[in-house]
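Construct the entire structure; sequences and hints are all you get.
In terms of this note's numbering, the sequence shown has 646 at position 135, counting the first letter as 1, and numbering is strictly consecutive.
Do not take every clue at face value.
What the hints assert, rightly or not - Here are the in silico distance ranges between beta carbons for each label pair: (1) Asp-734 - Gly-571: 20 to 28 angstroms; (2) Ala-645 - Arg-857: 39 to 47 angstroms; (3) Thr-764 - Arg-609: 25 to 33 angstroms; (4) Arg-724 - Gly-695: 22 to 30 angstroms; (5) Ala-853 - Glu-775: 25 to 33 angstroms.
It is worth saying that the hints were derived from the structure and are not from the lab.
Since the model is a prediction, treat every value here as computed from it, not as a measurement.
We put the CB at the ideal spot given by N, CA and C, even for glycine.
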Amino acid sequence: MNLVHVEVYCDLQDIGAHRWNDLWRRSEVPSVFSRFEWIEPWWHRFAEGRELRVLAAYAGDMLLGILPTAWSDGRDECKVSLLGEGHADYAAVLTDARHPQAFAAMLDSLVGALPRRARLEFPEVRSDTRYYTALENLTTRINSHWTANEKVVCPRARLDGDRAQQLADKPSLRRKARKLGRIGAIHVTHYTAADDILPCLPDFFEQHIARWRTTEFPSLFTDARNRAFYQDLAARFSGSGQLIFTRLCVDETPVAYHLGFVSEGDFIWYKPSFNPEYSKSSPGEVLIRELILLAAERGLTGLDFTRGDEAFKLRFADSYRYVQAFVRHPSLFQAARVRSAAGAKRLAKKVIPGQAINWLKKLATTRDGN
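Written out as structure tokens, the structure reads:
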């Protein structure tokens, strides 16, 4: 094998969909979030104020790795992150499964090009990848610019064998399905074609906005760019079978939606929504049951809930992995300060019960006169 060399491109089309997805098929982690059909719409909708730099590793003419980055130059700091940030549940890094050294070559090239005030972020790096291990090792070096954020659990429900039917037959799920069915006839439709999905999206967006309106976390669909991005995804993945949009109706009323993906033999729980007027009838859990049955019907081996340890996920999960964000700071001092703060937080969790921490915070606020 020839020595690995790295090229830098400023246009996704310099690599193109064919070569990109050819590497995706050979990659260590062929996640849907790394496909060209995902990356290109993301860049199209969120490029404003950013500069594109795609690092590509080669041995001779053979493409071995892709590291797509977005650069934004602020007043005090230059931020560099991966494409897909904020939407991809798993990092968009591609390396040929047989040539893991490609990642080290791309990372060395990237770090060598950083200005002194640059902050480099690798969000949502999966714990079951070799590049996770490489980044983790960087954080343990003496006088390292690198730090790691807290791990976030990604629950997964196994669906092989008769496991899917066992989950679908859970008494709690069957009971909730019967309760919803007493309101009216339940109709479930799964779409993969853009012509079917796109007309449903406006109601999906409005339902999601209504669902989150009364919480402290407003819906992402209040932003027109996010709505356009989802429309682009539906169009780009149309007919591929990798994007599945589900509508759950009671009689003629849509009470729940889900936009999910088929990836690495799993079905990914990605963006659900339900009509808050039907919340007492648990349409969300009825939706999960239907997705479990769909995944089993299509021969998928798992339901990947991705990041987050919400209680409803843990009721189904029987295996776990993690994602973690890694950051390269502009200075050793900044990295040391972040490590110290993280260490103090971990110590406080061990020594001081959560209620006591909240009490101390309230006390501090009172003393500040706020």
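Right, here's what the structure says about each hint:
1. Asp-734 - Gly-571: 20 to 28 angstroms: For Gly-571 against Asp-734, whose Cβ atoms are near 44 angstroms apart, the range 20 to 28 angstroms is violated.
2. Ala-645 - Arg-857: 39 to 47 angstroms: Violated - the Cβ-Cβ distance for Ala-645 and Arg-857, about 24 angstroms, lies outside 39 to 47 angstroms.
3. Thr-764 - Arg-609: 25 to 33 angstroms: With Cβ atoms ~52 angstroms apart, the hint is violated.
4. Arg-724 - Gly-695: 22 to 30 angstroms: About 25 angstroms separates the Cβ atoms of Arg-724 and Gly-695, which means 22 to 30 angstroms holds.
5. Ala-853 - Glu-775: 25 to 33 angstroms: Holds, at about 31 angstroms.
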